[in-house]
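*Asks:* Residue numbers (the numbering used here), protein chains in the order written: chain A, 1 to 755; chain B, 1 to 669.
Keep in mind that the hints were calculated from the coordinates and are not lab data. Keep in mind that this is a model prediction, so the values were computed, not measured. Don't take every hint at face value.
[What the hints assert, rightly or not] List time: in silico DSS-like cross-link candidates among lysine-lysine, alpha-carbon distance up to 25 angstroms:
hint, chain 1, residue 1, chain 2, residue 2
1, A, Lys-466, B, Lys-636
2, A, Lys-320, A, Lys-399
3, A, Lys-462, B, Lys-640
4, A, Lys-320, A, Lys-605
5, A, Lys-274, A, Lys-294
6, A, Lys-278, A, Lys-312
7, A, Lys-407, B, Lys-319
8, A, Lys-426, B, Lys-629
9, B, Lys-629, A, Lys-467
10, B, Lys-319, A, Lys-462
11, A, Lys-461, B, Lys-636
12, B, Lys-640, A, Lys-466
13, B, Lys-636, A, Lys-426
14, A, Lys-461, B, Lys-640
15, A, Lys-462, B, Lys-316
16, B, Lys-629, A, Lys-462
17, A, Lys-331, A, Lys-294
18, A, Lys-461, B, Lys-629
19, A, Lys-399, B, Lys-482
20, A, Lys-467, B, Lys-640
21, B, Lys-406, B, Lys-344
22, A, Lys-461, B, Lys-319
23, A, Lys-467, B, Lys-636
24, B, Lys-319, A, Lys-467
25, B, Lys-319, A, Lys-466
26, A, Lys-320, A, Lys-331
27, B, Lys-316, A, Lys-466
28, A, Lys-185, B, Lys-166
29, B, Lys-629, A, Lys-11
30, B, Lys-111, B, Lys-141
31, A, Lys-462, B, Lys-482
32, B, Lys-316, A, Lys-467
33, A, Lys-461, B, Lys-316
34, A, Lys-407, A, Lys-462
35, A, Lys-426, B, Lys-640
36, B, Lys-363, B, Lys-431
37, B, Lys-482, A, Lys-466
38, A, Lys-399, B, Lys-316
Below are the chains, spelled out letter by letter.
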Amino acid sequence: MCTHNSINSGKEITLTIDGKVCKSTFGKTILEIARENDIYIPTMCYLTKVKSIASCRMCIVNVDGVDGAILSCQERATDGAVVTTNSEDLYAERQSIMKLYNVNHPLECGVCDKSGECELQNKTMEFGLAEQPFTARDQSRPVENWGYVSYDPALCIMCEKCVRVSTEITGDEALQLQFGGYSSKIVNTQIDKNYSTLGEAASVCPVGALVDTNFKYTTNAWELSKIPSACHHCSAGCQMNYEVKNDTIYRITNNFEFTSLCGAGRYGFDYANKGVTKDSEAFNRAVEAMKSAKSIIFSSQISNEEAYILQKIKELTGAKLISNEARAYQKFMQAYSSVTGKHLYNGNLKAISNSTAIIVLGSRVNDDAPMVKYHINMASKWNRARVAYMHPIEDVEMKNLVTQFMKYEAGSEEGVSALLVDTLLKDIDVPKDVRAFLDDLDIGNLSAGSNIGEEEFELLKKSMIKKRDFSLVIGADLYTHPRATQIAKIIALVEKYTNFNVVCIPPSSNAMGVSLICDLDDEADEYSVGYNAKANFTLSALGDGDLDMPALNQQEGTMVTIDKRLVPMNVAQPYGGYILNDIANAMGIGARYTIDYTKSLPLEKGFRGVEFDALDDYFTATGDEKRGYLLELHETPTEDNFEEIEELDGFDGAVIYNCNPKDQFSPFTNLCSTIKDESKLVGSSQFAIVTKLQDGDSVSFTVNGIEFKRLFRIEPSMKGTIAINPIYDMGLSTPLVSYYRFNKVQIIKEEKKED
Amino acid sequence: MSGIVFSTWQDELIDNRGKSSDEWVETGFKLPETYYGDTNSKAFIGWDGVAIFDEDIDAVELASQYAAQYQEYSEACGRCAPGRWGGRILYDLLDKIARGEGSHDDISHLKEIAKTMMTTSKCEIGKTVPKPILDLMEHYKEQFDTCIDAQVPSKHYNGNTSYIAKVTAPCTDMCPAHVDIPAYIEGVRDMVFTESLAATRQTMPLAHTCGRVCPHPCEDACRRTNLDEPISIMELKRIGADYETDHEIPWLHPREPKEPRNDGKKVAIIGAGPAGLTAAYYLALEGIQVDIFEELPVNGGEVAVGVPEYRMPVDKYNKDIELVLQMPTVSITNNHRVDANRLKEIYDEYDATMLGFGARLSKKVRASNENPKMGGYWGAISMLDKVNLWSKYNIGSSASNELKDKVVVCVGGGFTSMDVVRCSIREGAKKVIMLYRRDEKTIIRNTTYEEYHEAVEEGVEFIFHSAIEEIFDDGEKITKLKVNRFELVPDPNGGRAQLVKIEDGDFEIECDYLIPAVSQALDTQILPEEWNIEMTSWNSILTNGKDYMTSKEGLFAAGDCEYGPMTIVNAVGQARRAASVISRYIYDGKCTLIDDEIMEDHLNRLKVYDKNEKITGWMPGIPRAVSQKLETDERKTNNKEVNLGFSGEEAISEAERCMRCYYISMVAV
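Excised from the complex, chain A in its bound form (with noise of 0.2 angstroms):
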């Protein structure tokens, strides 16, 4: 263990703050203890996500017996400090800067986005300044068109909050700032990216100068009423509020001095099933067809009483529940807590933030899981720390992140796991049968099958030298590989017997509630009925079903998230049809209201038995998440029986990696129309050469039975035989394309018609 802290971070102070005596820790800023005191000290440019920025200077202060004023946003407080945050000279030093702010700033705010929620409005105000007092030559300068967002380089004043978000939070590392003094500004260096991570940039923009694009002048912000929810696109239930006018969506907004968004998060809201009305023929036959049928099959997409609802039809019916990613997470995870003992992961996203070394296995991060990969970003930023990436394929837009990229061969994650645990149990005490497990490992051949080298063990175990609080990160081509409980049964050691924070992301967005509340099942019999999954007869929010079903943004429920917290989501959109509860009720499973159910979720999972109202939803002024309530983490009986690796065939020639572009997750992002639609298959120029393709080809392929038709894409970014397949937009299909995300298929190419 590493105890070394040269800098006093943590020791016990104790200071006052305009007269109030004040305990906290050392490390913190005076501005963070006044915060946590309740006192005020105004500020620009400072955002509690970030480290300190320091570019307003609005938060000066005095500090007895210091000469000067003190920047209360960056300095640390020291033990025994007297601090005054506010005096005449104070006031009027702060209100020279609101001047200065306001030097030139256009007297535009009649048709400006940000007006009614402006910092410099609101500061402007405050300081109490009727007029611009002081101007210089003015500059023309245009408005840019980012793509996802605009940028107005005349109302910028410079905070660079936003530079902050996507150095420190996003990682996009789009925006730098372009010092010229007066003629600063921001500039976007990944312009043809469109990054939709801009979007967090945006939003903590206190001016009107960087906005989303689509919203940009479509309404007042004072006439949008805030509905508070999670998103749900990704397991990472994001805090975030539904701003509605009129029944319509017009943007996402999230509290962002604490959290932070996506792009799918910001920009996919318009996906509901809208327009539905009560069709009591369709309801009849959707009443039978669940009497009647032997399976459900559901994508996880659900909310936990929705799936709390086809657990008490199977309790009443006896059908079969399949939800294939949520089934294959459920065993993955029963076989790892079987060795942990206990019946959830430990880690979190915050303690990924937290490490200085970090290993991602199996998870193509990036796309995956974007809160993920901003926390990993955090790390880096802040942490410095080393970040292991193992993977098949390299992902270029992690490269700013990762320190080591370990690539091997798909299908050997099993004897990857294998040789990484053995790596980091290395020096540790183990009890003797896993001892001796690892000890049996034939390393050379592991390390042949998959193609790590020995060395590069090494020079992981070598850059964790001395470094403390790590993480491990678990994806999802681990829990559909055929020796998935297997594999699980190795990483768990790495929870057991180091100090490793480890995080398995749940599949999709719902997948964690939906394997602690299902009693789920493998394969499905005939008659079926589909939930947002094709079927005999299918319940479908996307509209083409065989009855309507609403989208998670039009009924209030529950989600559990990466960080194993269950958290609220409440109707943005009206709807008028049936939904799940309605054929539960007409089956005899009496609640008037799907929350109902809320309370009643499984105890012995870790459920805390809270009624749907009573949950919280809001931060603390000190960023403290106070939304529903973290699991119990409850202990469960442990076995140690570990088989022998076993060798998968050989992933060799063209192959397939079933994986969602950044910002896609499911049909319902695909229904929005503000995210790019990027539906190809894409593979490097190797690729193309083992499969004979031209960039620009039409190609079908089928995969775990499911016909794709796609055009194909070369990327130069790309290297290996491995080419991506996104399969977000098979609509009521997604669901089923389930198995193992690495697969050999053959690549039939279109006749290109003649022009």
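Assemble chain B onto chain A, guided by the hints.
*Replies:* Just chain B now, with coordinates in the frame of chain A:
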């Protein structure tokens, strides 16, 4: 005309206006009264005041041009509200007055803005710019009033006065390579590590190296010392360099390298050490062809074969070397010893030649019976060559064959001797003793606190105030040493304390090896006798210390061969200047300095750091971060890098302590 008319520099108020020449007061500061050659300065204006050398000065234009230069140099700033808009308004208002369109309201606005800038600006440049402007507005008030009252332009408005400005910082000024230290620290603070590295490489290509083994003279000029402790400047440099390696990003240059010129001009460099590599890099950035001739099979000079792996891992140094050698116009020939004849050939063939061959002859300890050929007598340079060639490159054989279980005595007190004793420990010596003439405090000052303490921890025995009087041998090898002891006797007259030999203090040490590491000398055989190259009194190659040309036209020298054994950063600084001069010399045959270099020298002479200055606006008592080191047991038997560098938290915390002490100064000529 000479002498100072008026000055507020560092609160030394001199006002000779209207006085007869015998009443004139002289300044105590080395202000740049003469700009360059026979060009006189009219005025010097900067962070700490204004000095006027010409009675006919246009004070209004001077003030307005100073504000304008601040605007122009805003790439160093423009990052806080007061600096960004304040600077602009300062200039706009001053220029309005200078044009003859100003009002007295503008004067009061100027004062208001000046106060806000001085109180709340992010860095010193914004805080200090208003000071000399306010000085001029006060002491040359009549000129401002005339412009306003008569609505006329200032007296030489748009005349032929040139204004030459330069941004510096106390640390940057003190650094021999003049690295833009606040910029690379800001890169760390902003977590844009590429920008940090790019800032370093503007004047320092060896970022890995000088982020590890620089004695950091800059830290002695860190203004933070006036408040609590200096910033750990050196260690923050490593962050950007390590980022480049960790993420395998393409080579990061401070500016886009120019296309190869292919114009037939070419420069020869003798020696691929820090000086040679640096000169090659900056010439190559200009697209100029450079051929390096290196005697050793490995590149990097004394840092490669002298500085041990545990201090300077060779794979990191190789990154610095590769940065230079991969430049399209750089070529290198190894195993190529240049002697006097070969140097003549090279000199004739090339448009300019730069010597950077270092100082690689170990000096004697001057004891009686000192015989360098005697067994057990091993010069530090050749001992370290052997250690490093084996441990880093697998060339030769392990020095543990010689040193294992032996008693090693080293005479020294500088970095080289520290390397000798700590390597001896690592090679398995039974006992390692360092003899040093002076005391503990001095050895720490000459090296670093860490270096000395780590050596002690590893088991090196230091005997201070001692010197070898006589060496004994058995005809084949050294057997023992007779050592005198000294004590420091204060001078009763208050002069420097004297080292006085203690009678009966002598003792003997039985030993197997004596490794002298007292100093190094140049191997001057390379210099053709008929060239009569002028040397310094300590027998290094003489230049004027500004353009680095030797007494032989077209022959330049930089690094240890010019200065005598000194630091890496010194070699880098000299070589960069030499490269700049050479880049012009090969075209016009003249040795010239550009304005930026002239100003650099002026500021260095004036001294930027003021250790008595009181710091305001910063919380004192924030601890300086100390990087983590390997424990003694983890390091003393191997060559693992001892210093693990800052954690991210420490790096950012340390960067936040930096006060960004940028200053802008300007000369009117």
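*Asks:* Evaluate each hint against the coordinates.
*Replies:* Against the structure, the hints:
Between the alpha carbons of A/Lys-466 and B/Lys-636 the distance comes to roughly 17 angstroms, so the proposed pair stays at or under 25 angstroms and holds. For the proposed pair A/Lys-320 and A/Lys-399, the alpha carbon gap of about 44 angstroms is over 25 angstroms, so the pair is violated. Distance check on the hinted pair: A/Lys-462 and B/Lys-640 sit about 11 angstroms apart at the alpha-carbon level, within 25 angstroms; holds. With a CA separation close to 20 angstroms, the supplied pair A/Lys-320 and A/Lys-605 stays within the 25 angstroms bound.
Restraint check: the Cα-Cα separation between A/Lys-274 and A/Lys-294 comes to about 30 angstroms, which exceeds 25 angstroms; the hinted pair is violated. Between A/Lys-278 and A/Lys-312, the direct Cα distance comes to roughly 24 angstroms. Compliance with the 25 angstroms bound is thereby established for this hinted pair. Distance check on the hinted pair: A/Lys-407 and B/Lys-319 sit about 24 angstroms apart at the alpha-carbon level, within 25 angstroms; holds. A C-alpha spacing of about 23 angstroms is found between A/Lys-426 and B/Lys-629, which places the hinted pair at or below 25 angstroms, so the restraint holds.
Of the supplied pair hints, the one linking B/Lys-629 and A/Lys-467 holds, its CA atoms being roughly 12 angstroms apart against a limit of 25 angstroms. Annotation: proposed proximity of B/Lys-319 to A/Lys-462 holds, straight-line Cα distance about 19 angstroms (limit 25 angstroms). A distance of roughly 21 angstroms separates the Cα atoms of A/Lys-461 and B/Lys-636; the hinted pair therefore holds under the 25 angstroms criterion. Restraint check: the Cα-Cα separation between B/Lys-640 and A/Lys-466 comes to about 13 angstroms, which is no more than 25 angstroms; the hinted pair holds.
This hinted pair checks out: B/Lys-636 and A/Lys-426 have alpha carbons roughly 23 angstroms apart, not beyond 25 angstroms. About 14 angstroms separates the Cα atoms of A/Lys-461 and B/Lys-640, which keeps this hinted pair within 25 angstroms; it holds. Annotation: proposed proximity of A/Lys-462 to B/Lys-316 holds, straight-line Cα distance about 15 angstroms (limit 25 angstroms). As the CA atoms of B/Lys-629 and A/Lys-462 are separated by approximately 15 angstroms, the hinted pair is consistent with the 25 angstroms bound.
Using a Cα cut-off of 25 angstroms, the hinted pair A/Lys-331 and A/Lys-294 holds, with the two alpha carbons roughly 22 angstroms apart. Taking the CA atoms of A/Lys-461 and B/Lys-629, the gap is near 18 angstroms; set against the 25 angstroms cutoff, the hint holds. With a C-alpha separation of about 61 angstroms, the suggested pair A/Lys-399 and B/Lys-482 falls outside the 25 angstroms cut-off, and the hint is violated. Using a Cα cut-off of 25 angstroms, the hinted pair A/Lys-467 and B/Lys-640 holds, with the two alpha carbons roughly 16 angstroms apart.
For the hint pairing B/Lys-406 with B/Lys-344, the CA-to-CA distance comes to about 45 angstroms; that exceeds 25 angstroms, so the pair is violated. Note on A/Lys-461 and B/Lys-319: the hinted pairing holds, with a Cα-Cα distance of about 22 angstroms set against a maximum of 25 angstroms. Our distance criterion of 25 angstroms between C-alpha atoms is met by A/Lys-467 and B/Lys-636, whose separation comes to about 21 angstroms. Simply put, B/Lys-319 and A/Lys-467 have alpha-carbon atoms about 24 angstroms apart, close enough for the 25 angstroms limit, and the pair holds.
Note on B/Lys-319 and A/Lys-466: the hinted pairing holds, with a Cα-Cα distance of about 24 angstroms set against a maximum of 25 angstroms. A C-alpha spacing of about 16 angstroms is found between A/Lys-320 and A/Lys-331, which places the hinted pair at or below 25 angstroms, so the restraint holds. With a CA separation close to 19 angstroms, the supplied pair B/Lys-316 and A/Lys-466 stays within the 25 angstroms bound. Restraint check for A/Lys-185 and B/Lys-166: satisfied, since their Cα atoms lie roughly 24 angstroms apart, inside the 25 angstroms limit.
In summary, the hint linking B/Lys-629 to A/Lys-11 is supported, as the alpha carbons are separated by about 22 angstroms, within the 25 angstroms threshold. For the given pair, B/Lys-111 sits about 13 angstroms from B/Lys-141 by alpha-carbon distance, which is consistent with the 25 angstroms threshold. Taking the CA atoms of A/Lys-462 and B/Lys-482, the gap is about 46 angstroms. The hint is violated against a cut of 25 angstroms. Distance check on the hinted pair: B/Lys-316 and A/Lys-467 sit about 20 angstroms apart at the alpha-carbon level, within 25 angstroms; holds.
Under the criterion of a C-alpha separation no larger than 25 angstroms, the hint pairing A/Lys-461 with B/Lys-316 is consistent with the structure, at around 19 angstroms. Restraint check: the Cα-Cα separation between A/Lys-407 and A/Lys-462 comes to about 18 angstroms, which is no more than 25 angstroms; the hinted pair holds. A threshold of 25 angstroms between alpha carbons decides the hint, and for A/Lys-426 with B/Lys-640 the separation of about 20 angstroms falls inside it, so the pair holds. Annotation: proposed proximity of B/Lys-363 to B/Lys-431 holds, straight-line Cα distance about 23 angstroms (limit 25 angstroms).
Between B/Lys-482 and A/Lys-466 the alpha-carbon distance is near 45 angstroms, which puts this suggested pair outside the 25 angstroms criterion. Taken as a hint, the A/Lys-399 and B/Lys-316 pair is honoured in the structure, with Cα atoms around 20 angstroms apart against an allowance of 25 angstroms.
The structure fails to meet hints 2, 5, 19, 21, 31, 37 from the earlier list, while all remaining hints are met.
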